[in-house]
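Asker: Listed here are the chains, written in short residue letters.
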Amino acid sequence: MPVSPPVRLAAMRAQIAALEAGTRTPTSILAFGDSRIDDCLAGGGLPLGRWHELVGEGLEIETAIAPAAVAALMARPLAAKGAALWVFRRGDLHAPGLQGLGFAAQALIQVQARDDAEALAVMEDALGTQGVSAVLGEVDAIDLTAGRRLQLACEKRGGTGFLIRRRPYGSMAGRTTQEGGSAAASRWRIAPAPSRSPDEALGLLGPPCWRVELERSRGGRPGAWILEQDESHGPHALRVVADLAGGDLAAAEPVRRAG
Amino acid sequence: MATWRRRNPCVAPVEVFPTPFALLTTERAVRRLYAVDAGAAALGLYPGQKATDAGALCPELVTAEADPEGDLEALQALADWCVRFSPAVAVDAPDGLILDITGVSHLWQGEAAMLDDLLARLAANGVPARGAIADTAGAAWALARYGPDRTIAPVGGQLPLLAGLPIAGLRLDETAAAQLPRLGLTRIGRLIDLPRGQLARRFGAHVMLRLDQALGQAEEALTYRRPPSPWWGRVAFAEPISVLDDLVRAAQDVAEKLCARMALEGQGARRFVFTYHRLDGAAPAQEVRLSLAGRDTKRLVKLLAPKLEAIDPGFGIEVVTLTAHEVEPLSGRQGQLEGAKNGYGAAAREETLAPLVDRLTNRLGENRVWRAEPRASHVPEQAVATRPALSVVSGTAWDPDRPRPLRLFRRPEPITVIAKLPDDPPRTFTWRGRPHRVSRAEGPERIAEEWWGRPIGEVTPMALRDYYRVEDEAGGRYWLFREGLYVDGEPMPRWWLHGLFA
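Protein chains in written order, with my numbering: chain A, 1 to 259; chain B, 1 to 502.
Derived CB-CB ranges, DEER-like:
1) K298(B) x R36(A): 47 to 53 Å
2) E381(B) x T145(A): 36 to 42 Å
3) T145(A) x V243(B): 29 to 35 Å
4) G158(A) x G365(B): 28 to 34 Å
Quick caveat, the hints were computed from the structure, so don't treat them as lab data.
Note that the Cβ used here is the ideal one computed from N, Cα and C, for glycine as well.
Using the sequences plus the hints, can you model the full thing?
Answerer: This is how it looks when you write it as C-alpha cells:
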C-alpha cells in the first residue's frame, strides 16, 4: 500500500527520535533555585542521569578540595533520595567534614580504588545499579571512551555522576592532563574564594565561598559566579553571592591571584 | 622420616633402602637420633640415642639432618588435603591427624570403605600411614599406633580393644609413661582394673584424664585446622578436570547442592569457600564474601568466576568442596521483595545495593569498601571508624559544634609559620614550598592526648595540640596545629597542617 511522503517522513522522524531517546530526551533536573545559574543550564537546572566534571585550579588539582566540596553540595539532595558512593584512590576524605557540609556522611559508601581505570570501572558499575542516585569519583584523567561508557551507565538507571579531577601527589607538576572529552554534560572549574566574615573586627571565618565557573554545559552557556554555602537556601545550599559574568570576571581576577 | 623421603625422592624407594638410615638433631649440644627407619630399628637403634653411640653400633648408618618445622608444615598440608574426607581435621603433632567423620562416612558407603580409601590415597602419595576409627580421639589414637592396622571400633566398644594395648597408647607424659611399666603395668587393661583414687594420687590426674578420654568418659577438645561447618558440599570427578570452564561448572554444581540444602532449611551464608583438591595433594581455595547472607547459586558463581583464573589446576582437580561460613537464617520471601514498589526503604536499599557491594568487595578487596561511623575519640584521626558498607547506620553523629576538615591527612604535614605572639594563630605559613598569608583565623581548639591510654608515668600535660582554622587571602581554608606549648628550656613547638576545609 502506497504511503504518502509526509506520513512516511513523520514515521521516520519518530523512528529517529526513538533511536536517540537514549541520549537526547530531556531528563529530570535538579534546579539550583537561582535563575542566574539555572538559565545557563539546558533544562533549567543540573541535568540528572548524566555525569558532570569538576576541575580544581592551580595546586588545588592535587588536593581537589574545592571541587570535592562543591560536588558534595551538588549531590546532597540526590544522596538523600538514594545511595551515594564516593570513589577515590587517596583515602583522605574525612567523614566528619562531609557531615559539616550537611551531607549524610554515615550512609555514604566509600570505595578506595588502586588506579584510575579501577576507579572509573567502579563508578560505571555503581551508576548502573538500581538504587544508586549519586556517584562521586576522584580521577586524574578520563578519555573519550571512558566518558562515553560512564554516560551509558548513567542512562541505565538515571544515576548522576560527579567526576572530580584530581592529580596524584608527586606526579609531574607541569604535565597538562587532557581536558575531559565532550561526554560530560557540564564542566565546572572551581576555586576557593575568600569567605565573608560575620565579624570583620574579630577576623572570624564565614561560611565557605567558592568561585565557580561553568566552562561548558551541553545545550547551555558558560557562566561564572561566587557561591556561598547557605543552609537556608533550597536543597543545594549553594547561594549566588556575585555574578562574575562579563566585567565582573576581570574584577575578580586579582583577588584570586593574591597570596 | 616419610617427609624426608618425599623431599628427596631420588635416593631410593622406601622398601629397598639399602642401608640403615636415621635423621639427626642437635639437643643441648649433643647430636642425637631424631628418627630411625626399619633397618636401623632392627639393629637396635632408637630415637633419642646419641649419634656417636649409634655410629659405633652401626658404622654403615646413613644420616641426614632432621627438620621438625618442615615436618609440621608437611603435616598441616596433609591436614588441608584431608579436608576432602571431612571438614574437621585436627593436626596431632608430630605425626598424626585426627579426622572427625561424624555424619560424613555415608558418602563412602561406610566407615571401612572410607578408611581404606584414605589410606590407599595416602600410600599412593608416598605417605605410609596407619589408621583406625573409634568413638573417641584417644581410642583411635591408640588403635592406630598400637592396634592392628585399620581397626574399626564398634560404637561404645573400644574398651576390649584397648585393654590389650601397651600403656604408651594412652598419650601419657614422660614420667608416668616411664614409671608404669616398671610397676608391671604394661597393658591398658591392667590400669583400668586398678582403683582410680590411688592411681590418680600416685601418677597424677593426668593419667586418669587420658584414660577417661580414651574411653569416652571425659571430653577432649581438639583444635581443628578449620572450624567445622555443617554446611558443606562436595563434588568428585571420575576424571580430573583442569579447564577453566570446567572449574566454573564444578563450582556451580557444588554450589547448587549446598544452596538447595540451605533453601530447604531456610538458611543463608555470608562467606563461601570453594576448595579445589588437586591430584598432587595441594588444595587451592578461593573465597566469596557476601555483604548480606544469601544462597543464590548464580550470584555466587558470578562472583567466583573471575577469581578462578588464579587457581592453578596442576595435573588436574579431582574433588571440589564448598563450605559455607557465617550461616544465618534467611527467609524465602526476602528474595522477592520489590524495591521499586514500596519506595526506597531500608530493605530495598539492602536488596538493590547488596549485589553491587558484593561485586566491589570481591573485586577490590575486603577493606576497600566501607562506610564511616563516629567513634568516641577527641583525637581527630581516630574519630572515624570504618564499618561494612551495608551495616546499619547508628543514630550518633559527630559533634556539629567542632568543625572538621573535609580532607584529613593521614600524616600531618610540617609547615613553617610566622606568628605575632606565641599563642596567636600564624600570620603566614609555608606549606609545600608555597607561602600563604592568613587573612582570618579561628581557634585555638585544644585537643590533648588520650592520657588514659598510656602508663601514668608517661603522661605529660605537654602532649597537646592547639588547632587553628585559618583562611588565606585566596580563600583556601586550612587546619593547622601547634604541637605542644612554648616553655622555657623546652624545644620550640612545631607546626603542622592536618587538613583542608571546604
